[in-house]
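Using the hints provided, position chain Z relative to the given structure of chain S.
There are 2 protein chains.
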Amino acid sequence: MTYLELYNNIMRKKSFLCIGLDSDPAQIPEHLRELEYPLFSFNKAIIDATVSYAVAYKPNLAFYEAEGAKGWKQLEMTVEYIRKKDPSVFIIADAKRGDIGNTAERYAKAFFVNMDFDAVTLSPYMGKDSIAPFLKIQGKWAIVLALTSNISADDFETLPLLGNIQMFDDLSAMYDSEGLYFTPAAPVGAPLFKSVIEKSMRWGNINNIMYVVGATRPQKLAEIRMFCPNNFLLVPGVGAQGGSIAEVARYGMNKSCGLLVNISRSIIYASNGENFAEAAAEKAEEAAKEMALYL
Amino acid sequence: MTYLELYNNIMRKKSFLCIGLDSDPAQIPEHLRELEYPLFSFNKAIIDATVSYAVAYKPNLAFYEAEGAKGWKQLEMTVEYIRKKDPSVFIIADAKRGDIGNTAERYAKAFFVNMDFDAVTLSPYMGKDSIAPFLKIQGKWAIVLALTSNISADDFETLPLLGNIQMFDDLSAMYDSEGLYFTPAAPVGAPLFKSVIEKSMRWGNINNIMYVVGATRPQKLAEIRMFCPNNFLLVPGVGAQGGSIAEVARYGMNKSCGLLVNISRSIIYASNGENFAEAAAEKAEEAAKEMALYL
Numbered sequence: 001m002t003y004l005e006l007y008n009n010i011m012r013k014k015s016f017l018c019i020g021l022d023s024d025p026a027q028i029p030e031h032l033r034e035l036e037y038p039l040f041s042f043n044k045a046i047i048d049a050t051v052s053y054a055v056a057y058k059p060n061l062a063f064y065e066a067e068g069a070k071g072w073k074q075l076e077m078t079v080e081y082i083r084k085k086d087p088s089v090f091i092i093a094d095a096k097r098g099d100i101g102n103t104a105e106r107y108a109k110a111f112f113v114n115m116d117f118d119a120v121t122l123s124p125y126m127g128k129d130s131i132a133p134f135l136k137i138q139g140k141w142a143i144v145l146a147l148t149s150n151i152s153a154d155d156f157e158t159l160p161l162l163g164n165i166q167m168f169d170d171l172s173a174m175y176d177s178e179g180l181y182f183t184p185a186a187p188v189g190a191p192l193f194k195s196v197i198e199k200s201m202r203w204g205n206i207n208n209i210m211y212v213v214g215a216t217r218p219q220k221l222a223e224i225r226m227f228c229p230n231n232f233l234l235v236p237g238v239g240a241q242g243g244s245i246a247e248v249a250r251y252g253m254n255k256s257c258g259l260l261v262n263i264s265r266s267i268i269y270a271s272n273g274e275n276f277a278e279a280a281a282e283k284a285e286e287a288a289k290e291m292a293l294y295l
Numbered sequence: 001m002t003y004l005e006l007y008n009n010i011m012r013k014k015s016f017l018c019i020g021l022d023s024d025p026a027q028i029p030e031h032l033r034e035l036e037y038p039l040f041s042f043n044k045a046i047i048d049a050t051v052s053y054a055v056a057y058k059p060n061l062a063f064y065e066a067e068g069a070k071g072w073k074q075l076e077m078t079v080e081y082i083r084k085k086d087p088s089v090f091i092i093a094d095a096k097r098g099d100i101g102n103t104a105e106r107y108a109k110a111f112f113v114n115m116d117f118d119a120v121t122l123s124p125y126m127g128k129d130s131i132a133p134f135l136k137i138q139g140k141w142a143i144v145l146a147l148t149s150n151i152s153a154d155d156f157e158t159l160p161l162l163g164n165i166q167m168f169d170d171l172s173a174m175y176d177s178e179g180l181y182f183t184p185a186a187p188v189g190a191p192l193f194k195s196v197i198e199k200s201m202r203w204g205n206i207n208n209i210m211y212v213v214g215a216t217r218p219q220k221l222a223e224i225r226m227f228c229p230n231n232f233l234l235v236p237g238v239g240a241q242g243g244s245i246a247e248v249a250r251y252g253m254n255k256s257c258g259l260l261v262n263i264s265r266s267i268i269y270a271s272n273g274e275n276f277a278e279a280a281a282e283k284a285e286e287a288a289k290e291m292a293l294y295l
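Which chain is which? The protein sequence lines are S and Z, in order.
Take the first sequence: its letters are residues 1 to 295, numbered as in the numbering used here.
Take the second sequence: its letters are residues 1 to 295, numbered as in the numbering used here.
Excised from the complex, chain S in its bound form:
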């Protein structure tokens, strides 16, 4: 899917809602737990009920892996079902993978070839080697972790970098992996996540790279828009984690919307009774209606 196609889908559905499928056998309604494919059955009902309000779905891989080979099968079934139900939906593998060369290529095969995901979330720690293989496949996206919504994002993501090359004690650090002289555009003390975004923007383009920026620090969205005006941002942290759609839209939206706001638990677990799908639809509709105000 291209940037423009994603934007068009957003304008058509009047929504930039992504629904996180953190589908947990212990939290889905009891009457589904005894079925042969409980996670898929749950997902199918949620998708049927919410697809007119959502432009994207984001299965969280951990929940499927925790069920072993059968969980993986239900993940495959879910992706196939979404694709059939509404081919315009953007499907994100929330996998947070990050490994080098030949290994990254295998992950790309798993998510983009075997399954028809549009995008995969990736950790940038190991650098370009761990992102570039995902950018080679036409129409597919890398979603790079930048500033996440969890408290310990401050352990490393916001650490201030030294931008003053005279102070380097190891000259090799003045060159990046492409052999380019390292002259950070960022001022002295810019946080790591800024360097992640600035460097990785050069590895891809707005049609294949977006960033995870948490809704829990909305004013940071405005800072990021200063140096990253065009890329889409995938924004978790609305709902259970406390962020608000209004603030995300206010600080993070660009001319092409540029936002996918993810909501997981407060939609999919809106009820754990037999009416769970209707309850999810209500919550999704409510979110989409608010989003429409800002589009």
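Heads up, a few of these hints could be off.
The list treats identical chains as interchangeable, and a pair is accepted whether it falls inside one copy or across any two copies.
[Stated by the list, open to error] Heads up, simulated BS3-like pairs for lysine-lysine below, C-alpha to C-alpha not over 30 angstroms straight-line:
hint: 1; residue 1: K136; residue 2: K85
hint: 2; residue 1: K44; residue 2: K70
hint: 3; residue 1: K85; residue 2: K44
Simulated from the structure, these hints should not be mistaken for laboratory data.
Same frame as chain S, but now just chain Z:
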């Protein structure tokens, strides 16, 4: 497994060899490809032939995920087989996961409860939230990426940090996720990977946390031993990537060995004929014999 048990296994086998099971349907011998479980059949033969020389095995998750649900099943079969064959072997899920709270707990369930892995490799980007859930399970280990062996490790892992708090422009950055005042022990300009090791050492102990440090920059092992003398290091990059056992032992070994040196392709793909397992055994024996010299 405890630190001491791992050390005892190393001394008993006179080897600190970890064999990476990067088992790829396109690279295993042709006569195995038509079997029902080609990756498992390959792994089983490799394990049978090499288990007396290896203290650890490290399946690389990407290669199994690339085969879908059936790949995941063969991963489960492989872990079970290793555990049955030699219960003393340390089994590492090379998964490079990294996600928060409830999601990390699901990954821990996948690797430590459903499957009997001893350890999982983790990306530190998202901070303590993404490591701590793995440290809660008695006898299991988190192996945190520090300085990896790939070229683009220099994109972020070696970026120099600003250690001078007067220069912070955002006061919140002076506190880490535990609310502690941030007074880096590292001098101004210390690389990110040093901060990763120094902070995360406090989250666990030598019985449950080790670090990935590539063999391709052996002198960095000596630097790391200055501030991380006791933890085990998992060292990839020997063999196909160019690092040497001698240099890793010289710069990285501590009083309790403190090393697991991983070799993947140059052992498991030593031959692609019918004699592949014997060829792998020869290469593993050669590596172990060299390791014994340094123990």
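Against the structure, the hints:
1. Taking the shortest Cα distances, K136 and K85 sit within 30 angstroms of each other inside one copy (27 angstroms), while across copies they are farther apart (41 angstroms).
2. In this assembly of identical chains, K44 and K70 lie within 30 angstroms of each other by CA distance both inside one copy and across copies; the values are 16 angstroms within and 23 angstroms between.
3. In this assembly of identical chains, K85 and K44 lie within 30 angstroms of each other by CA distance solely inside one copy; the values are 10 angstroms within and 41 angstroms between copies.
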